[in-house]
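Start from the sequences and build out the full structure, keeping to the hints where you can.
From first to last, the protein sequence lines are chains A, B, C and D. To convert, note that position 106 of the first sequence is 1067 in the working numbering; the numbers rise steadily by one, no gaps. To convert, note that position 172 of the second sequence is 1133 in the working numbering; the numbers rise steadily by one, no gaps. To convert, note that position 252 of the third sequence is 1213 in the working numbering; the numbers rise steadily by one, no gaps. To convert, note that position 137 of the fourth sequence is 1098 in the working numbering; the numbers rise steadily by one, no gaps.
The hints are all genuine.
Per the computed footprint, the stretches of chain B lying under chain A, defined by three or more beta-carbons under 8 Å from a beta-carbon of chain A, are:
#1 1051-1064
#2 1094-1104
#3 1110-1120
#4 1130-1136
Keeping only pairs whose Cα atoms sit at most 30 Å apart, straight-line, the calculated DSS-like set for lysine-lysine is:
#5 972/B <-> 1139/C
#6 1028/A <-> 1097/B
#7 1105/D <-> 1005/C
#8 1091/C <-> 1028/B
#9 1028/A <-> 1117/B
#10 1028/D <-> 1091/A
#11 1071/C <-> 1139/D
#12 1028/B <-> 1097/C
#13 1109/A <-> 1006/D
#14 1006/D <-> 1071/A
#15 1091/B <-> 1028/A
#16 1028/B <-> 1113/C
#17 1139/B <-> 1005/A
#18 1160/C <-> 1028/B
#19 1028/B <-> 1105/C
#20 1109/C <-> 1006/B
#21 1139/A <-> 1028/D
#22 1113/D <-> 1028/C
#23 1109/D <-> 1028/C
#24 1006/D <-> 1105/A
#25 1112/B <-> 1028/A
#26 1139/D <-> 1006/C
#27 1006/D <-> 1079/A
#28 1028/B <-> 1071/C
#29 1028/A <-> 1171/B
#30 1071/D <-> 1071/C
#31 1105/C <-> 1185/B
#32 1105/C <-> 972/B
#33 1028/C <-> 1071/D
#34 1139/A <-> 972/D
#35 1105/D <-> 1006/C
#36 1109/A <-> 1005/D
#37 1006/B <-> 1079/C
Quick caveat, the hints were computed from the structure, so don't treat them as lab data. In this text, a Cβ means the ideal position worked out from N, Cα and C, and glycines have one as well.
There are 4 protein chains.
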Amino acid sequence: MEDVVIRYLEKPKIKEPVFIEGLPGVGNVGKLAAEHLVDELHAKKFAEIYSKYFPPQVLVGNGGLIKLVNNELYYSKAKNKEQNDLIILVGDYQGLSPEGQYEISDAILKILSDYNVKRIFTLGGYSLGKVVAEPKVLGAATNKALVKEIKKSGVKFLEGALGDSILGASGLFLGLGKFYDIDSVCLMGETSGYFVDPKSARAVLHVLTKILNLKINFEELEVKAQQIDQITSKLKEAEKVKPKREDLGYIG
Amino acid sequence: MEDVVIRYLEKPKIKEPVFIEGLPGVGNVGKLAAEHLVDELHAKKFAEIYSKYFPPQVLVGNGGLIKLVNNELYYSKAKNKEQNDLIILVGDYQGLSPEGQYEISDAILKILSDYNVKRIFTLGGYSLGKVVAEPKVLGAATNKALVKEIKKSGVKFLEGALGDSILGASGLFLGLGKFYDIDSVCLMGETSGYFVDPKSARAVLHVLTKILNLKINFEELEVKAQQIDQITSKLKEAEKVKPKREDLGYIG
Amino acid sequence: MEDVVIRYLEKPKIKEPVFIEGLPGVGNVGKLAAEHLVDELHAKKFAEIYSKYFPPQVLVGNGGLIKLVNNELYYSKAKNKEQNDLIILVGDYQGLSPEGQYEISDAILKILSDYNVKRIFTLGGYSLGKVVAEPKVLGAATNKALVKEIKKSGVKFLEGALGDSILGASGLFLGLGKFYDIDSVCLMGETSGYFVDPKSARAVLHVLTKILNLKINFEELEVKAQQIDQITSKLKEAEKVKPKREDLGYIG
Amino acid sequence: MEDVVIRYLEKPKIKEPVFIEGLPGVGNVGKLAAEHLVDELHAKKFAEIYSKYFPPQVLVGNGGLIKLVNNELYYSKAKNKEQNDLIILVGDYQGLSPEGQYEISDAILKILSDYNVKRIFTLGGYSLGKVVAEPKVLGAATNKALVKEIKKSGVKFLEGALGDSILGASGLFLGLGKFYDIDSVCLMGETSGYFVDPKSARAVLHVLTKILNLKINFEELEVKAQQIDQITSKLKEAEKVKPKREDLGYIG
Chain A
962 MEDVVIRYLE KPKIKEPVFI EGLPGVGNVG KLAAEHLVDE LHAKKFAEIY SKYFPPQVLV
1022 GNGGLIKLVN NELYYSKAKN KEQNDLIILV GDYQGLSPEG QYEISDAILK ILSDYNVKRI
1082 FTLGGYSLGK VVAEPKVLGA ATNKALVKEI KKSGVKFLEG ALGDSILGAS GLFLGLGKFY
1142 DIDSVCLMGE TSGYFVDPKS ARAVLHVLTK ILNLKINFEE LEVKAQQIDQ ITSKLKEAEK
1202 VKPKREDLGY IG
Chain B
962 MEDVVIRYLE KPKIKEPVFI EGLPGVGNVG KLAAEHLVDE LHAKKFAEIY SKYFPPQVLV
1022 GNGGLIKLVN NELYYSKAKN KEQNDLIILV GDYQGLSPEG QYEISDAILK ILSDYNVKRI
1082 FTLGGYSLGK VVAEPKVLGA ATNKALVKEI KKSGVKFLEG ALGDSILGAS GLFLGLGKFY
1142 DIDSVCLMGE TSGYFVDPKS ARAVLHVLTK ILNLKINFEE LEVKAQQIDQ ITSKLKEAEK
1202 VKPKREDLGY IG
Chain C
962 MEDVVIRYLE KPKIKEPVFI EGLPGVGNVG KLAAEHLVDE LHAKKFAEIY SKYFPPQVLV
1022 GNGGLIKLVN NELYYSKAKN KEQNDLIILV GDYQGLSPEG QYEISDAILK ILSDYNVKRI
1082 FTLGGYSLGK VVAEPKVLGA ATNKALVKEI KKSGVKFLEG ALGDSILGAS GLFLGLGKFY
1142 DIDSVCLMGE TSGYFVDPKS ARAVLHVLTK ILNLKINFEE LEVKAQQIDQ ITSKLKEAEK
1202 VKPKREDLGY IG
Chain D
962 MEDVVIRYLE KPKIKEPVFI EGLPGVGNVG KLAAEHLVDE LHAKKFAEIY SKYFPPQVLV
1022 GNGGLIKLVN NELYYSKAKN KEQNDLIILV GDYQGLSPEG QYEISDAILK ILSDYNVKRI
1082 FTLGGYSLGK VVAEPKVLGA ATNKALVKEI KKSGVKFLEG ALGDSILGAS GLFLGLGKFY
1142 DIDSVCLMGE TSGYFVDPKS ARAVLHVLTK ILNLKINFEE LEVKAQQIDQ ITSKLKEAEK
1202 VKPKREDLGY IG
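Laid out in structure tokens, this is it:
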């Protein structure tokens, strides 16, 4: 079995697209924002990414149908000259191990490179450990010109001299993206980190849609966050009665 | 050493067999059911599966003879036109790591694909966290037609909208099976999850044998569960006095 | 870097040797016994085994000289017709991960197969969880004839019906040895499991030397156990002040 | 993606250089010493080392610019005949897993071998578990002649009979360096192990610069240690509000 398996449903014709990543993470801000964007733009799924670095697990969806956990790539075409073609990455999980995270991000970057992606935006949450009334959007980027440009949209860039760091896919797409000569920005919404945070996702989407000249509706964001909260609770509950490591062991 | 080693004892001539998986898991429902089926059908072992993803461990059996932990494939030929040739997977352990679980399941699916397996049934337990008097059988499957068909046998399909998921081999054979174009169903017997559950295994086997037009005796199931309980206790006791990680360390 | 690196110091001419394994484990019975045998027989080191599955660690020996942790193969030639040429495996550690244990054991078995090893004895401790005055020697083996033969030397074979198992190298050489068609026996001395146990090692060596027609002196065994105890204490003490995982982390 | 990726900025012409390693570890003595040496000698970066065995993480530096965590090689040319050309290794992290540590060290040794490195000095801390007023410098080496030579500079060599060992890169470069026929010494400054220790780093640098006939200023060492302490605190604080394993999980 290959480490990372890409299954194409379609090979869309898109031109110098902008790539947007939103996987599970702090406050699920990135995931919530990216999935909302997929829905609002009616973006179309064109590739599924499977990997042995994801959990060995299928999710059961409506009507008892199963789905192997994965990451998915969607695309959306520009509606006018101010917009860009987009590729959006969403998914159930990030890789479980450090090696897995590197391998999966690098495999996706190879696809992005083939599509001549010219810019990457990774979306995430920046945990403050306390509830925040008006979440700001913080940023980090791969070069000075980009920092300058993105600052104009109200993003406050991290002054990392004192040890800020970005973990997981939101960091790796920037770090590994450099090897593919792709300019990259990470946008992080301030969040408590304690629950799924639609307010923070809204703040991030606000900035992102402004930069990309997109118009979307934010109403469903709150509803989506509630659904996610519900599923999270159910999953955590299920965790308690799920097979544990010892249940995989020898018994007779 | 290869990641997964297949040792054939025989290459049976079987026609479009149905595959049944029953490995250790919640309440050992799947293991108990599949092993009982092997015994009742006098199924014949034709392949042994070894892997570095299993524990580095040998089991000591009757007369002081050892056996390296493994998974095993059995086959049983149809006795009439209403029945199918069968391949049954049983084993001591599932893979220890996520990567291992993917690799082992995929290696076995390659064999199944060579044998033109037309349908997969994975067997397991669905933990309720409390004792259940009359365990129902819950299901999940890879396509709608299959859900409809299996429902007729009294299986209640999961409506996973709220976060149900299936972990380990019982899930992976469905998820990865899709890549081999094999229709798959998971049958889960409700169980407390606290002990080896013959009642739940019986409920699962009841449904499975009905679907596959098999006739088997259920009497030994209770005895087998008691034996497994005994061995489990012994193993847990042994665990307490077994070498710990630090015993593998440098000492002089 | 190769997973397992074999460095030959010599390619001895030995004939159908018997292989003896004694690595760290329960009560360090196997390690103590095998190292004592090496000393008493003046066995000669002919190969060093290094691996990325061992800890990333060097040991500091006399005079400040370092040694990368490893396993080592010694040989000893038969002194008369009743004896066999021997290959003895000793070492600082077993592999850290299950995969590593499989890979290292298999790599060594390839060497043994090249040397036409005709029989394997693995040595270990069988933990009883309580102090034992007169440790018995327990056994397990790969075939019935061998069980019968070894029983004559006073070994009590495990009747594993209730879940006995052998972990690590002492088990794997038996289990994987089967793939190389090598007959194998594991000899385990009963031990409390709480400290380095020279009495148990003596019991094991007693049986082994009887089977192999060897004559050795047991006096130094007690002294050796005391040294090992001392080193173990020092290492455990050192553990407390050694770099922890977080010490490998980013700091500035 | 390759396991270890080397990115050359330059291929310097250096002659039989001496290699100095200083990565994070006990009291960050080695890191502090090596980074100070890079600064004082105005050493020039010529290669960056990335690996999937490092954490999947980018660091945010001044102005919001990111950097994928890595190790880096610097070089400095001899200023007179008493000095040597130098290669210095510094970095954010050591490999996370044992396998990773072996792979990364071995990949770097391949580079060193190409540059005909004639001697290796690894720098680290030796934790005493208590504050020490006048830290001594302890040593270990790969051969007797080297021990004798280095002792002249006031280094006290470990008499490891009682179980001393060196973990991580500082140990592996010595252990694996033997396979490349490179003479190696580890210099460890005594330290409490509880905080970043400029006094211990100074003691180590004192010895090293004496051996290598280098003249450097030690004033900035204290300042640098304070900065590192500050960053460490910030990072530990951040740890508390960073995404945990479960935040990478499925949520909706």
